[in-house]
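Peer 1: What follows is each chain in one-letter form.
Number of protein chains: 2
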Amino acid sequence: MSEARISLPSIRRFPSYLRILMQVREQGEKSISATQLASELGLTSIQVRKDLASTGIEGKPKIGFSVEELIVAITHSLGWDNATEALIVGAGNLGSAIAAYNGFSAYGLKIVAIFDKDPKKIGTKVGHLTVLPVDTINQYIKSNRVTIAVVAVPANQAQATVDMLVKCGIRGIWNFASKNLKVPEDVVMQRTDLAASFAVLSVMLRRKYREETESDDDNDSY
Amino acid sequence: MSEARISLPSIRRFPSYLRILMQVREQGEKSISATQLASELGLTSIQVRKDLASTGIEGKPKIGFSVEELIVAITHSLGWDNATEALIVGAGNLGSAIAAYNGFSAYGLKIVAIFDKDPKKIGTKVGHLTVLPVDTINQYIKSNRVTIAVVAVPANQAQATVDMLVKCGIRGIWNFASKNLKVPEDVVMQRTDLAASFAVLSVMLRRKYREETESDDDNDSY
Chain A
1 MSEARISLPS IRRFPSYLRI LMQVREQGEK SISATQLASE LGLTSIQVRK DLASTGIEGK
61 PKIGFSVEEL IVAITHSLGW DNATEALIVG AGNLGSAIAA YNGFSAYGLK IVAIFDKDPK
121 KIGTKVGHLT VLPVDTINQY IKSNRVTIAV VAVPANQAQA TVDMLVKCGI RGIWNFASKN
181 LKVPEDVVMQ RTDLAASFAV LSVMLRRKYR EETESDDDND SY
Chain B
1 MSEARISLPS IRRFPSYLRI LMQVREQGEK SISATQLASE LGLTSIQVRK DLASTGIEGK
61 PKIGFSVEEL IVAITHSLGW DNATEALIVG AGNLGSAIAA YNGFSAYGLK IVAIFDKDPK
121 KIGTKVGHLT VLPVDTINQY IKSNRVTIAV VAVPANQAQA TVDMLVKCGI RGIWNFASKN
181 LKVPEDVVMQ RTDLAASFAV LSVMLRRKYR EETESDDDND SY
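Protein chains in written order, with full-length UniProt numbering: chain A, 1 to 222; chain B, 1 to 222.
The hints are simulated quantities; they were obtained by calculation from the structure and are not laboratory data. Be aware that a few hints might be false.
Copies of one chain are not kept apart here, so a pair can be met inside one copy or by any two copies together.
[Claimed, not checked] Taking lysine-lysine and the DSS-like style, the derived pairs with C-alpha atoms no more than 27 Å apart in a straight line are:
(1) Lys208 - Lys50
(2) Lys142 - Lys167
(3) Lys167 - Lys208
(4) Lys208 - Lys182
(5) Lys208 - Lys142
(6) Lys125 - Lys110
(7) Lys121 - Lys30
(8) Lys110 - Lys121
(9) Lys117 - Lys182
(10) Lys50 - Lys182
(11) Lys142 - Lys120
(12) Lys125 - Lys60
(13) Lys50 - Lys30
Work out the full structure, taking the sequences as your base and the hints as a guide.
Peer 2: Shown next, in the form of structure tokens:
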């Protein structure tokens, strides 16, 4: 299977290609050029040609790429042709927001259950899901053959949660907790740290502001 | 001001330090060692010492670092000692989830308003906010001196939205749209692309799975 060699930076761009391609297909277009994709996505057309080449789909001179062929190839490369079921651990603010967010379905991710250990949360509704007790998670994972878990627990519980999930058979973890976690080699973990992203934004903004005002006698109370 | 030289990787770790320090303070601890922080965060103690040195706070032999001093210094380095107000553009699934998420307040970010152009959304409640019409955003930004915007509009509207926000005086943009956007040099942009993160997780998981089963005659219907 050739997709095993597609680079991760290309993979990161694939969802954006897919989105443009689906829009274009809806508008009835059958083909698209690398230049057009590049301009839509703010990429260079060299980059786009390289990314598309990795799907195995070839463009035709003056016509471009088949929209349908690209959609099929990219969806398959991402594994999004089979809907993936995932569960969430942690029904706090972040877990609830993720559960209520419908946008994941666009990329083949279906949130099927949410778990918490807080008796006050168990049984309450989050989006269309009911919060389940975390001590039933092993049974749930085994019965429903779920392989992906979104971890949205407080940072100090994150490693214990991940250890428990791995023991239950979870193979892919999307970690939203602000903590470096350890997983065995056969488990894949992806981390999204919103606090870290916002920290960078805050600091960069302060630095810009300071650069601009440092010649002024302005006070520092930004 | 020394913090202008703190590296971005250190800045990205600061929120995690802050979280541990606040936990420790709540437990009544006055000091903490680099080793303790390192173990809590899954970092090396060399890394922790380097990060903490950049705050200007010095540890004492056998005692460690003052928890209070570190909290003050890190909070100040991040600019989180002054609450920052931000608005959201886009009251779709993602914008609504972000607006409803209370966790940002922990790092000095207060979402004060949410805007959309869809008449069906305007006037509806999202968390404790009422969706405002996007054509009032200029007035809002000027009256309330908001400098940060969270962009959660569909990708094909993202560049136009950002251009408009910059014109209204927004200086920091947290972009959740799956698109590379251009901003002038004096504007700071941070991107969080959930689809791209999930793409990497999906593909890595498929690759692991394939490695393990490629010697089997298993079918490919994962």
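Peer 1: If a hint holds in the structure, say so; if it doesn't, say that too.
Peer 2: Status of the hints after comparison with the structure:
| no. | hint | verdict |
| --- | --- | --- |
| 1 | Lys208 - Lys50 | between (35 Å within a copy, 24 Å between copies) |
| 2 | Lys142 - Lys167 | within (11 Å within a copy, 53 Å between copies) |
| 3 | Lys167 - Lys208 | between (47 Å within a copy, 17 Å between copies) |
| 4 | Lys208 - Lys182 | between (36 Å within a copy, 17 Å between copies) |
| 5 | Lys208 - Lys142 | between (52 Å within a copy, 20 Å between copies) |
| 6 | Lys125 - Lys110 | both (17 Å within a copy, 26 Å between copies) |
| 7 | Lys121 - Lys30 | neither (49 Å within a copy, 33 Å between copies) |
| 8 | Lys110 - Lys121 | both (21 Å within a copy, 25 Å between copies) |
| 9 | Lys117 - Lys182 | within (22 Å within a copy, 43 Å between copies) |
| 10 | Lys50 - Lys182 | between (34 Å within a copy, 22 Å between copies) |
| 11 | Lys142 - Lys120 | within (26 Å within a copy, 42 Å between copies) |
| 12 | Lys125 - Lys60 | neither (51 Å within a copy, 50 Å between copies) |
| 13 | Lys50 - Lys30 | within (21 Å within a copy, 55 Å between copies) |
Hints 7 and 12 from the list above are not met by this structure, while the remaining hints are.
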